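Residues in the sequence shown are numbered consecutively from 1, following this note's numbering.
Bear in mind the hints are in silico, worked out from the structure with no lab data behind them.
Accuracy of the hints is not assured; some may be wrong.
Said to hold, decoys possible - Within a straight-line C-alpha distance of at most 30 Å, the following computed DSSO-like cross-link-like pairs (lysine-lysine) qualify:
{"hint": "1", "residue 1": "Lys26", "residue 2": "Lys119"}
{"hint": "2", "residue 1": "Lys94", "residue 2": "Lys165"}
{"hint": "3", "residue 1": "Lys13", "residue 2": "Lys26"}
{"hint": "4", "residue 1": "Lys26", "residue 2": "Lys15"}
{"hint": "5", "residue 1": "Lys26", "residue 2": "Lys12"}
{"hint": "6", "residue 1": "Lys158", "residue 2": "Lys94"}
Computed from a predicted model, the values in this text were never measured in an experiment.
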Amino acid sequence: MSKQNETQGDVKKLKELAGAEPTRRKALLTPREYSVVFGIVYAVLMTGLTLLLDLVPVPDNSNVLWLIMLLLYAVMISLSILIERQLSLHFQIKRTLFYCVGQCVIFAAMIALIVIGVKSPKPAYESGELAWAMGLGFTEIVLLIYHIVRAIVLSVQKSRASNRKSSSSAKKKNRR
Numbered sequence: 001m002s003k004q005n006e007t008q009g010d011v012k013k014l015k016e017l018a019g020a021e022p023t024r025r026k027a028l029l030t031p032r033e034y035s036v037v038f039g040i041v042y043a044v045l046m047t048g049l050t051l052l053l054d055l056v057p058v059p060d061n062s063n064v065l066w067l068i069m070l071l072l073y074a075v076m077i078s079l080s081i082l083i084e085r086q087l088s089l090h091f092q093i094k095r096t097l098f099y100c101v102g103q104c105v106i107f108a109a110m111i112a113l114i115v116i117g118v119k120s121p122k123p124a125y126e127s128g129e130l131a132w133a134m135g136l137g138f139t140e141i142v143l144l145i146y147h148i149v150r151a152i153v154l155s156v157q158k159s160r161a162s163n164r165k166s167s168s169s170a171k172k173k174n175r176r
């Protein structure tokens, strides 16, 4: 008998829940979802900037080519910093997820270009897809180095801030 009463009570609770107004989300997406979406957009932007190198004619001097690439990667990193600051202010994105999604999408595009380049009937040294994949590989490495350096700098800043707090609280205890 008690099981039947419990079941009827559970059924009543379920009916109340089913009849209740659904809770509405305050925002369109959660911060994690924003991080994934903007990570994909970030990857597309970085990939597009990398593929713009194909439009630049190859200069006669190799030093000029290195300068062009340095300028491109400086623009990419500056743009990356600007995008991160704006998105973290307006959408509270998760930085690590944002950059991981971006790096993974660029890596997937690089793999897809390699597969397309290898399967094409043209010789490997004439394949535009393999050249693009190599460009994306350089971009991947540069952005990865930037993210690692950024993570190290942020962790050092955090540890310094925590050391300041702990040393100031230790000084207060010693004064007493």
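We went through each hint and held it up to the structure:
1. Lys26 to Lys119: violated (48 Å)
2. Lys94 to Lys165: It holds: about 26 Å lies between the C-alpha atoms, which stays within 30 Å.
3. Lys13 to Lys26: Satisfied, since the Cα-Cα distance of roughly 26 Å is no more than 30 Å.
4. Lys26 to Lys15: Between lysine 26 and lysine 15 the Cα gap is close to 25 Å, so the pair holds against 30 Å.
5. Lys26 to Lys12: With Cα atoms ~29 Å apart, lysine 26 and lysine 12 stay inside 30 Å; holds.
6. Lys158 to Lys94: holds (17 Å)
Of the numbered hints listed earlier, the single one contradicted by the structure is hint 1.
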